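In order, the protein sequences belong to chains A and B.
Oh and the first sequence: position 91 is 91 in this note's numbering, straight run, nothing missing.
Oh and the second sequence: position 116 is 1116 in this note's numbering, straight run, nothing missing.
Take these hints with a grain of salt, some might be off.
Claimed, not checked - In silico lysine-lysine, BS3-like type, Cα no more than 25 Å apart, as pairs: (1) A:K8 with B:K1002; (2) A:K8 with A:K78; (3) A:K63 with B:K1002; (4) B:K1002 with B:K1024; (5) A:K152 with A:K101; (6) B:K1002 with A:K78.
As the list claims (entries may be wrong) - Restraint ranges, calculated between C-beta atoms of paired labels, are given here: (7) A:D148 with B:A1230: 40 to 48 Å; (8) B:H1268 with A:T88: 52 to 60 Å; (9) B:E1059 with A:G7: 39 to 47 Å; (10) A:G7 with B:A1019: 22 to 30 Å; (11) B:G1133 with A:M1: 31 to 39 Å; (12) B:A1058 with A:D148: 31 to 39 Å; (13) B:D1265 with A:R19: 49 to 57 Å; (14) B:N1233 with A:E5: 50 to 58 Å.
The set of hints was computed from the structure by calculation and includes no laboratory data.
These figures come from a predicted structure and were not determined experimentally.
We treat Cβ as the ideally placed atom computed from N, Cα and C, and that holds for glycine.
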Amino acid sequence: MRYLEAGKRHTVRFTLNGRAVEGDAEPRLLLSDFLRQTLGAFGTHVGCEHGSCGACTIQMDGKAVRSCLLYAVQVEGKALTTVENLATPDGLNELQAAMQKHHGLQCGFCTPGILMSLTQLREEEPNADEARIRDVLSGHICRCTGYDGIVKAALDVFGDVFGKN
Amino acid sequence: MKPAAFDYAQPDTLGEALALMAKKGEAARICAGGQSLAAMMNMRLATPEVLIDIAGLAELQTIDIANGAIEVGAGVTQAELLAWPKLAEFQPLLAQLLPWVGHYQTRARGTVCGSLAHSDPSSELPLALALLGGDVFVRSQRGHRIINAEDFQVGMMATALEADEMIVAARFPLARPATASAFEEVAQRHGDFAIVAVGAVGNKDGVRLGVGGVADTPGVVDLTWPVADAALNDFAWSLGGADDQHATARYRRELVRRIGRRVIDEVHNALP
Ligand code: FES
Ligand code: FES
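Excised from the complex, chain B in its bound form (with noise of 0.2 Å):
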């Protein structure tokens, strides 16, 4: 359980971050909190030749309100969103999720980005990524650009990112006004690994559940109330999970229905 070697790059700039990026390509990998890096590195499932360590870049530790969005930066940690005395009040889904994250040990490393860079199929920030539907703000030397959530994460542990790109932000729309949201999930420990999680935002005409942790990629549905049981029940075929260690995709679908019915109806009552 040790990593095999890798040179540790410690860039003291965006700049020279992407630069090294540009060079090293396939086999660089940025670490910001290396909660999920780490251990796969410990692990030998990832064995990068560099590693490029971009915590302490001061650029990247901001949480701003911008066009609509809460902009979060890729050196910001799990536990320093969660602290943001504004998050429940403007994205109150995040304040519901984020503790759900990991543990309060690895919160205070794992970072939000690096989260949804890792893109593992039960994690909870790529689901509330595409259920708010919000984007990442990607850069390389060649340039930058902006990708939505559904075209973000495009398989399990796989995204949409080049080899010589990083995301240097997320960005999570605003709660709209007049609008409600739950989350809740089932884990064998809390904090480990979802084997189904559900979050839901709603308004007066509908909600939008997501799923996590069945599919390779989260699953999300449009639904008019009042919510029918049938509808519930479709979605959770639809997401087409498999058995595995955990859980059996019956049991999965039953949580699915189970869960769902939960968080639409905490959705429906919080409703003004």
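Just chain A, with the same shape it has in the complex (with noise of 0.2 Å):
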């Protein structure tokens, strides 16, 4: 049995975008704290800390998750995913730039959950439709945009629209 005491830290390691990292971790520190403050990596925004605003959704071995309701030790030898490997070297990858053409994004704090989930969906339901992707942005609080210009943006990259899938 991996028993990991209070109050010491423990090694963590795990793929973060492709990349071996690893770090020291206490077990109460939150994966979301543990990617920003361990890690370094900005991307992925803490908005409520307790798995409603989804803020900081991720995805880990194929599924979006809420990284401020997982602990860093419990992603030892997972597979995870930020906002950070979205873009591609020539700039803005599909979705991304669709959030940009539709405006759908203004303050920009809830935009790296709200991407990862539509990429996640994306793997899972390319046809996805504009009910079922309202949907998924439930679990998502925006208090800029109003949602339709992020549900534009889903769906110009989501088959329904264009057929492209």
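Two chains, each in its own frame: build the complex with the hints.
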């Protein structure tokens, strides 16, 4: 049994955006804080820290999950993807570019989480329709946009509008 | 919004987990998906000394049909049960209700049994267990027992589990032939805590209605056809809801009457 004592730091190893990373964490350290403060990966944002706002959403082993409801010690050996993984060497990826085009963000606080949820959804359901996209976005709070720009951006890259997929 | 310090244990077997539970008792908490527990720990509403993470235990990852029920192991996430290909055929109520449990992003981690153990009055899965007359299979180092839904949830976020016990599986009875079901809820945002959640299962003789979000535990009533408004009204009053920051008791009664009527009609129309 892996037993990690409180108050001591334990080495955690996993892959982040395809790269092997490691760092030390007490059991109580949230994954969101580990990403930002230990690894310096500030792309993942932190809003509520109790699973409501969605700002901290990342992909873990092919699922969109809240990084504020995970402890760093729980992701030993897992494969994590964060918003830093999205842009290509040529610039924004398709979804990011669509967000820009449709004003899917203003302050951008909610954006990393929304991008990761939509990225996961696109992998699972490339033809998701507007109702499904709105259902998935219900797991995020955006205080700026009113969501319509985000939905338009998503519809641009999901299949049903242009029948691309 | 950071949790208090705790020891983190990741047992390799169920036996190890139960031994640790027996040793630590009240000081330990089981964590499967952690979608309720971690939030409560962040708010320091829960401060376990030891967190026992059972998410990796392969023996708890199973969905089976046995003894006339769908048996859902304690490691199975809400998303996994929702994606189980036989769900709509064997228990349509669960297929109707699971999309209302939390959000896409929390269903990916949150487990079915964890939601039952958490026993929030507004959550959907305890309502499903009560409405369908299911039970939970519970283990400890001392042995095992099966607890019926009505005996399991004893109050708001309170269950019949002893300090050394854990749920290893939840059992939802299979849908019977010639029955129909429906589910609907009202929340401030889809996926948020239900202000009122209503499910119904019926056959040619009558309909069983279950309501969550009003009382401390799910309320269930059996009604015969045709269901009169007065019967629905009596049921709404019998739940004894209170005013809170989300809604008044009066508004909740109105929702029980209106959504109750809608799901009853839906069941009636869907019956063969
Ligand atoms: S910071 Fe994780 S959901 Fe809000
Ligand atoms: S862009 Fe500001 S919160 Fe969404």
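Each hint tested on the structure:
no.	hint	verdict
1	A:K8 with B:K1002	holds, 16 Å
2	A:K8 with A:K78	holds, 22 Å
3	A:K63 with B:K1002	holds, 24 Å
4	B:K1002 with B:K1024	holds, 23 Å
5	A:K152 with A:K101	holds, 9 Å
6	B:K1002 with A:K78	holds, 23 Å
7	A:D148 with B:A1230: 40 to 48 Å	holds, 44 Å
8	B:H1268 with A:T88: 52 to 60 Å	holds, 55 Å
9	B:E1059 with A:G7: 39 to 47 Å	violated, 31 Å
10	A:G7 with B:A1019: 22 to 30 Å	holds, 23 Å
11	B:G1133 with A:M1: 31 to 39 Å	holds, 37 Å
12	B:A1058 with A:D148: 31 to 39 Å	violated, 44 Å
13	B:D1265 with A:R19: 49 to 57 Å	holds, 56 Å
14	B:N1233 with A:E5: 50 to 58 Å	holds, 57 Å
In terms of the numbered hints stated before, the structure departs from hints 9, 12, listed from lowest to highest.
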